[in-house]
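One-letter residues, chain by chain:
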Amino acid sequence: MIQAERQVDVRPPLGHIEVEDFALSYETIEGSVEAVSNTRIHVKPGEFVSIVGPSGCGKSTLLNAVAGFLKPTSGKVTVDGEAVNGPSAERGMVFQQYSLFPWKTVRENVEFGLKMRGMPRAQRERAARTLLGLAGLEAFEKHYPERLSGGMKQRVGIVRALATGPKVLLLDEPFGALDAQTRVIMQQILTNLWQRLKISVLFVTHDIDEAIFLSDRVYCMTARPGSIKAEIPIPLERPRQQSMMMSSEFLALKRGLMSLIREESLKAMGGEITDLGMQGLNIDLHGHSLAEIL
Amino acid sequence: MLRQEEPAEIVVKEEPIAVATPERRRSFGTLAARWYRLNKESLRAVAIGAISLFVFLVVWHLLTTYRVVLFVRFTNVPAPLEVYASFTKAIHDPKFLMHIVLSCRRILIGFSLAAVVGVPLGLVMGRFKLIHEIIFPVAEVLRPIPAIAWVPMAIMLWPTNEQSIVFITFLGSFFPILVNTLHGMSLVDPVLVRAAQCLGARESSIFREVYFPASLPHIFTGLTVGMGVAWVSLIAAEMISGQYGIGYFTWEAYSLVQYADIALGMIAIGVLGLGSSLLIRGAGQLVMPWRMK
Numbered sequence: 011m012i013q014a015e016r017q018v019d020v021r022p023p024l025g026h027i028e029v030e031d032f033a034l035s036y037e038t039i040e041g042s043v044e045a046v047s048n049t050r051i052h053v054k055p056g057e058f059v060s061i062v063g064p065s066g067c068g069k070s071t072l073l074n075a076v077a078g079f080l081k082p083t084s085g086k087v088t089v090d091g092e093a094v095n096g097p098s099a100e101r102g103m104v105f106q107q108y109s110l111f112p113w114k115t116v117r118e119n120v121e122f123g124l125k126m127r128g129m130p131r132a133q134r135e136r137a138a139r140t141l142l143g144l145a146g147l148e149a150f151e152k153h154y155p156e157r158l159s160g161g162m163k164q165r166v167g168i169v170r171a172l173a174t175g176p177k178v179l180l181l182d183e184p185f186g187a188l189d190a191q192t193r194v195i196m197q198q199i200l201t202n203l204w205q206r207l208k209i210s211v212l213f214v215t216h217d218i219d220e221a222i223f224l225s226d227r228v229y230c231m232t233a234r235p236g237s238i239k240a241e242i243p244i245p246l247e248r249p250r251q252q253s254m255m256m257s258s259e260f261l262a263l264k265r266g267l268m269s270l271i272r273e274e275s276l277k278a279m280g281g282e283i284t285d286l287g288m289q290g291l292n293i294d295l296h297g298h299s300l301a302e303i304l
Numbered sequence: 236m237l238r239q240e241e242p243a244e245i246v247v248k249e250e251p252i253a254v255a256t257p258e259r260r261r262s263f264g265t266l267a268a269r270w271y272r273l274n275k276e277s278l279r280a281v282a283i284g285a286i287s288l289f290v291f292l293v294v295w296h297l298l299t300t301y302r303v304v305l306f307v308r309f310t311n312v313p314a315p316l317e318v319y320a321s322f323t324k325a326i327h328d329p330k331f332l333m334h335i336v337l338s339c340r341r342i343l344i345g346f347s348l349a350a351v352v353g354v355p356l357g358l359v360m361g362r363f364k365l366i367h368e369i370i371f372p373v374a375e376v377l378r379p380i381p382a383i384a385w386v387p388m389a390i391m392l393w394p395t396n397e398q399s400i401v402f403i404t405f406l407g408s409f410f411p412i413l414v415n416t417l418h419g420m421s422l423v424d425p426v427l428v429r430a431a432q433c434l435g436a437r438e439s440s441i442f443r444e445v446y447f448p449a450s451l452p453h454i455f456t457g458l459t460v461g462m463g464v465a466w467v468s469l470i471a472a473e474m475i476s477g478q479y480g481i482g483y484f485t486w487e488a489y490s491l492v493q494y495a496d497i498a499l500g501m502i503a504i505g506v507l508g509l510g511s512s513l514l515i516r517g518a519g520q521l522v523m524p525w526r527m528k
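Each protein sequence line maps, in turn, to chains A and B.
To get the numbering used here, take the position in the first sequence, counting from 1, and add 10.
To get the numbering used here, take the position in the second sequence, counting from 1, and add 235.
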């Protein structure tokens, strides 16, 4: 483990993300549609920030703009004062669909960023092994991704994004496809890595528990066109334990966030569904099966 | 790696886990029995395949010895034993071997040229819109023309007969290879491209490390189909304008009323076609180890 500490270079706290007056719209035949409007967020160096919001609110759009895949229609995105234009290895990204290269072994996947940087083979092999060790995957270095479980794939995805030593790590619902037990373990691994590497993290999720458990701060977005509805600091102490998820402090935060999102989700569903309308959906079958009634 | 953070009240009961015990020496008989149990399905397939081939030969034998005429006339069709006799004669005949060698050489040159031109062209067309827009219409117009229809044109275009036959073989395999490579390029997962980009990959690296390997399965589909069409085109070209080659051999046998040689030529073509597609499949497995089951 001592060797591992030495290999992963601890860099000065960098990675200050700033998104100012951000708006993004796209053109359709009917005119332009606003996906995100008037948004302002920031992530301080070494901070863990999550974005939650109803589906389709543009939280992934926002993340993709920080990654450099999308250009804002107006406003600006900067990292450490430099404007983002185009993707770069300075901003590592983890995708929900894992997006590992199927034709590369686990180690080759992790090495990819270093290879692109021109690091000699022996050196990048050593670096990749160390990183795989941190994620408990050294035994699988020669496997092809197809043979790994979802949780293992995503650990490779995270380690691959961290291998080049990025200033910020962007994660787009990375654990959305995993089962609940695996997700909890993955959250702990991510927290672990984040604390060791002192990297800034911007994390998009629709899972409120996950957002509170992981973050220093949570942004809650409105329904489309998405903008920031609320910014909630999470004062829970670190290191966080799974048992904290039962604490009254955690539950209070959860209650607050849930009601915020519920409001927006209802709006996102067209605004027609009111609380009363939803009660109307509870049709009493009086013990009969649906087939009998029809 | 993971620290257990939950209180230790939960007692995990150690259950004996069933594992294979390789250290215990098994007798040959047990091993054979195990092997049989594990490979039952494939053995069954092989056995049924062998029986079905045998039945085919028997039916062929009966139809020809009794000279059955059932709308289809088997009067002049050679019996399997006659074909076998002409086969044993042919393998000692240097002329027959030369026919085969020449056909294989034409396939090798024509098919290789098609692969060397078709795969890179497909990759570049799949990546660069302008090149696609320029070349695709021409390719679409030429593609439906069967390679055999090119025979008169090929004879006019090329100075020697040999060259025109190779050209026709090339044409036959070129379009399947091109079209499948293009198809593979169109199916490359854009998320993988984005993943490569935010790991610092530039255009040329993305091409080499993402687009090319992602398209390989379809490229090999194209090569397999292309090889099949290459044989079809070659045999047709040899029958029409050839002087040597297994297609010419088969046609010549008909002209010389050597009926057993017709069947021999046909079987030789079938075996060569099968062999060359097995070669391509083997190459595919070598090049794409991640797709091995």
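Errors might be hidden in some of the hints.
[What the hints assert, rightly or not] Below 25 Å or equal to it, Euclidean Cα-Cα: the simulated DMTMM-like pairs (lysine to aspartate or glutamate) are:
{"hint": "1", "chain 1": "A", "residue 1": "K152", "chain 2": "B", "residue 2": "D424"}
{"hint": "2", "chain 1": "A", "residue 1": "K114", "chain 2": "B", "residue 2": "E317"}
{"hint": "3", "chain 1": "A", "residue 1": "K54", "chain 2": "A", "residue 2": "D226"}
{"hint": "4", "chain 1": "A", "residue 1": "K81", "chain 2": "B", "residue 2": "E276"}
{"hint": "5", "chain 1": "A", "residue 1": "K81", "chain 2": "B", "residue 2": "E438"}
{"hint": "6", "chain 1": "A", "residue 1": "K177", "chain 2": "A", "residue 2": "E273"}
{"hint": "7", "chain 1": "A", "residue 1": "K125", "chain 2": "A", "residue 2": "E156"}
{"hint": "8", "chain 1": "B", "residue 1": "K364", "chain 2": "A", "residue 2": "E37"}
{"hint": "9", "chain 1": "A", "residue 1": "K114", "chain 2": "B", "residue 2": "E487"}
{"hint": "10", "chain 1": "A", "residue 1": "K54", "chain 2": "A", "residue 2": "D189"}
{"hint": "11", "chain 1": "B", "residue 1": "K364", "chain 2": "B", "residue 2": "E276"}
{"hint": "12", "chain 1": "A", "residue 1": "K125", "chain 2": "B", "residue 2": "E397"}
{"hint": "13", "chain 1": "A", "residue 1": "K177", "chain 2": "B", "residue 2": "E317"}
{"hint": "14", "chain 1": "A", "residue 1": "K81", "chain 2": "A", "residue 2": "E135"}
{"hint": "15", "chain 1": "A", "residue 1": "K125", "chain 2": "B", "residue 2": "E276"}
{"hint": "16", "chain 1": "A", "residue 1": "K86", "chain 2": "A", "residue 2": "E44"}
{"hint": "17", "chain 1": "A", "residue 1": "K152", "chain 2": "A", "residue 2": "E118"}
{"hint": "18", "chain 1": "A", "residue 1": "K264", "chain 2": "A", "residue 2": "E57"}
{"hint": "19", "chain 1": "A", "residue 1": "K239", "chain 2": "A", "residue 2": "E118"}
[Unchecked claim] Stretches of chain A that chain B covers, calculated by requiring three or more beta carbons in the stretch to come under 8 Å of a beta carbon on chain B:
{"hint": "20", "segment": "72 to 82"}
{"hint": "21", "segment": "226 to 237"}
If you're looking for bench data, these hints aren't it; they were derived computationally from the structure.
Even for Gly, the Cβ is constructed at its ideal location relative to N, Cα and C.
Next item on the list: Tell me, in ascending order, the numbers of any earlier hints that this structure violates.
Entry: 2, 4, 6, 9, 10, 11, 12, 13, 14, 15, 19, 21
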